[in-house]
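All chains should be built: construct the whole structure from the sequences, respecting the hints.
The listed protein sequences correspond, in order, to chains B and P. If you use the numbering used here, the first sequence closes out at 391, no skipped numbers anywhere. If you use the numbering used here, the second sequence closes out at 506, no skipped numbers anywhere.
Calculated from the structure, these hints are not laboratory results. Be aware that one or more of the hints could be misleading.
Said to hold, decoys possible - Within a straight-line C-alpha distance of at most 25 angstroms, the following computed SDA-like cross-link-like pairs (lysine to any residue) qualify:
hint, chain 1, residue 1, chain 2, residue 2
1, B, Lys26, B, Lys93
2, B, Lys371, B, Thr383
3, B, Lys108, P, Glu500
4, B, Lys93, B, Leu35
5, B, Lys42, B, Leu180
6, B, Lys217, B, Ala326
7, B, Lys371, B, His96
8, B, Lys32, P, Pro394
9, B, Lys108, P, Asp414
10, B, Lys42, B, Leu87
11, P, Lys417, P, Glu500
12, B, Lys32, P, Glu500
13, B, Lys108, B, Asp120
14, B, Lys93, B, Ala46
15, B, Lys108, P, Glu435
16, B, Lys108, P, Asp411
17, P, Lys417, B, Ala25
18, B, Lys93, P, His447
19, P, Lys417, P, Arg470
20, B, Lys93, B, Thr383
21, B, Lys42, B, Gln178
22, B, Lys32, P, Ala428
23, B, Lys93, P, Glu500
24, B, Lys32, P, Val443
25, B, Lys108, P, Pro394
26, B, Lys32, P, His447
27, B, Lys32, P, Arg444
28, B, Lys108, P, Ser421
29, B, Lys93, B, Pro183
30, B, Lys108, P, Ala466
31, B, Lys32, B, Gln58
32, B, Lys42, P, Glu429
33, B, Lys108, P, Arg489
34, B, Lys371, B, Leu118
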Amino acid sequence: MVVLVAEDHNFQRRTLARMLNTLGAKEVLEAKDGLEALALLKGRGAVDLLICDLDMGQMDGMELIRNIGQSDSVGAVIVLSGHERPLLDTVAKMAHAYGVKLLGAIDKPLTLDRLQNLLDLSDSLAVATEPRRQFSVDEILTGIRLGQFEAFFQPKVSLSSGLLAGAEALARWRHPEQGLIGPNAFIPPLERAGEIEELTFLMLKQAALACRHWAQKTAGISVSVNLSLTSLGDPALADQIAAITASVELDPSQMILEITETAAIGNVGATLENFVRLRMRGFRLSIDDYGTGFASLQQLQLAPFSELKIDRSFVTGCAENPASRAIVESSVQMARQLGFQSVGEGVETQSDWNMLKDAGCDLAQGFLVAKPMPAAQFLTFLTGETDGSRT
Amino acid sequence: MKPEVLDAEALVNVAPDLADRCDILKDFISETRSDVAELERALEADDFSESVRLAHSIKGACSMVGAQELAQTCATIERVGRQCVPQAANGVRAAFDRLAAHLDAAFEERGHRWS
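And the structure:
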């Protein structure tokens, strides 16, 4: 693992670099502020992990995170700071809004154990998040057309019964030279270029087909697919999605369309027209990453949603964090009052699970249950799941 | 409870190896010596924001090595800032001197193993 440490205090930076070497980092780069960090990234290329302080001289941690969000040159970020917890939580939300994968905001002092835990998490996320190099939109589209993209499936299970309820389809790129590549390397560039449609339809087709197979093994397992808000600006979208499920004879009620409000809605009329038509045809609509970015109460009133997914930044570690717990509890309660199904994303530990269960949340998704897996492996998971249960 | 000058256990969580801990402490004391001098100057010059910034940095470094007393003194400066300037400068100097003496004694005592 290649790690970049941005910390303005010489002793703290050197000691952290020493700790990373002790833990077996392949290479540790050091920068004394954000400007130096960006220069190093520019000169050397992408790194797996950035550990950055918030208070730094020339360019502070916030500005560095904002710049990284625009460059896709860092796999994941850990924020290191002696500041109080609520401030670190706000930084976590800020990073998310800038499209930066934040593994954790940890307060000082840092110990080898805590650092190791975060490195383990970074390792386990590496496939999903690591942008090994930057790809042009043309390269990505060519990859899609050459059949190098496929849907992986991550299970969602019932917190009360432990039984499988559905799965979210997540795009992966099997690059012939770079190996398995996660969505951070290709979705942001495609969305910025307004070229997300081809990938969306590929995912819809693969997800519909997979779900049709599952129905032959176990009834009632739903599949979720992410829709970009930009796609919803085309009034023809609902009919195109319906044609896909019809072509594989999948009941639309088995498909959940997840929407993240990453930006203000452009074409409100067309978006709502799509929402209404999708609902009338039986599809379910879900609010993804609830609590971050623009996803807000306003959106809940705007459209006929039936599921609310609470963002991982609140769920992961919620048992230890009173502010996160309050947000999780109130989101679950609100979902219930609105008649929505609630899903906790980013469930990584048994205490996250217990906390969600106590809050009355319906479903859990995250590494504690299972990582995203290829379609064939998910079929095996599905078969095993019918006789096992979680408590 | 009065904080310890140096909680030796804290650094074990950062560096399990004794020789590494020795290097880290040498680096720490030299860096902190100049930070403390800067902080004294800032406090005397009534430079509020610089004092808080330096106190925050020293506190961070101290918490890594378990220098509890100096960490706590700096935490107070960070919290109350300007209000305690005259006493703060003396407090920081006294806490640093105790820490430096403590480390000198430790190095001397175990010199044959630490150096």
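Hints and how they fare:
| no. | hint | in the structure |
| --- | --- | --- |
| 1 | Lys26(B) <-> Lys93(B) | violated, 30 angstroms |
| 2 | Lys371(B) <-> Thr383(B) | holds, 17 angstroms |
| 3 | Lys108(B) <-> Glu500(P) | violated, 30 angstroms |
| 4 | Lys93(B) <-> Leu35(B) | holds, 22 angstroms |
| 5 | Lys42(B) <-> Leu180(B) | holds, 24 angstroms |
| 6 | Lys217(B) <-> Ala326(B) | violated, 39 angstroms |
| 7 | Lys371(B) <-> His96(B) | holds, 20 angstroms |
| 8 | Lys32(B) <-> Pro394(P) | violated, 31 angstroms |
| 9 | Lys108(B) <-> Asp414(P) | holds, 20 angstroms |
| 10 | Lys42(B) <-> Leu87(B) | violated, 29 angstroms |
| 11 | Lys417(P) <-> Glu500(P) | holds, 15 angstroms |
| 12 | Lys32(B) <-> Glu500(P) | violated, 35 angstroms |
| 13 | Lys108(B) <-> Asp120(B) | holds, 19 angstroms |
| 14 | Lys93(B) <-> Ala46(B) | holds, 23 angstroms |
| 15 | Lys108(B) <-> Glu435(P) | violated, 28 angstroms |
| 16 | Lys108(B) <-> Asp411(P) | holds, 20 angstroms |
| 17 | Lys417(P) <-> Ala25(B) | holds, 24 angstroms |
| 18 | Lys93(B) <-> His447(P) | holds, 24 angstroms |
| 19 | Lys417(P) <-> Arg470(P) | violated, 28 angstroms |
| 20 | Lys93(B) <-> Thr383(B) | violated, 37 angstroms |
| 21 | Lys42(B) <-> Gln178(B) | holds, 20 angstroms |
| 22 | Lys32(B) <-> Ala428(P) | holds, 21 angstroms |
| 23 | Lys93(B) <-> Glu500(P) | violated, 50 angstroms |
| 24 | Lys32(B) <-> Val443(P) | holds, 19 angstroms |
| 25 | Lys108(B) <-> Pro394(P) | holds, 18 angstroms |
| 26 | Lys32(B) <-> His447(P) | holds, 16 angstroms |
| 27 | Lys32(B) <-> Arg444(P) | holds, 15 angstroms |
| 28 | Lys108(B) <-> Ser421(P) | holds, 21 angstroms |
| 29 | Lys93(B) <-> Pro183(B) | holds, 19 angstroms |
| 30 | Lys108(B) <-> Ala466(P) | holds, 13 angstroms |
| 31 | Lys32(B) <-> Gln58(B) | holds, 9 angstroms |
| 32 | Lys42(B) <-> Glu429(P) | violated, 34 angstroms |
| 33 | Lys108(B) <-> Arg489(P) | holds, 23 angstroms |
| 34 | Lys371(B) <-> Leu118(B) | holds, 17 angstroms |
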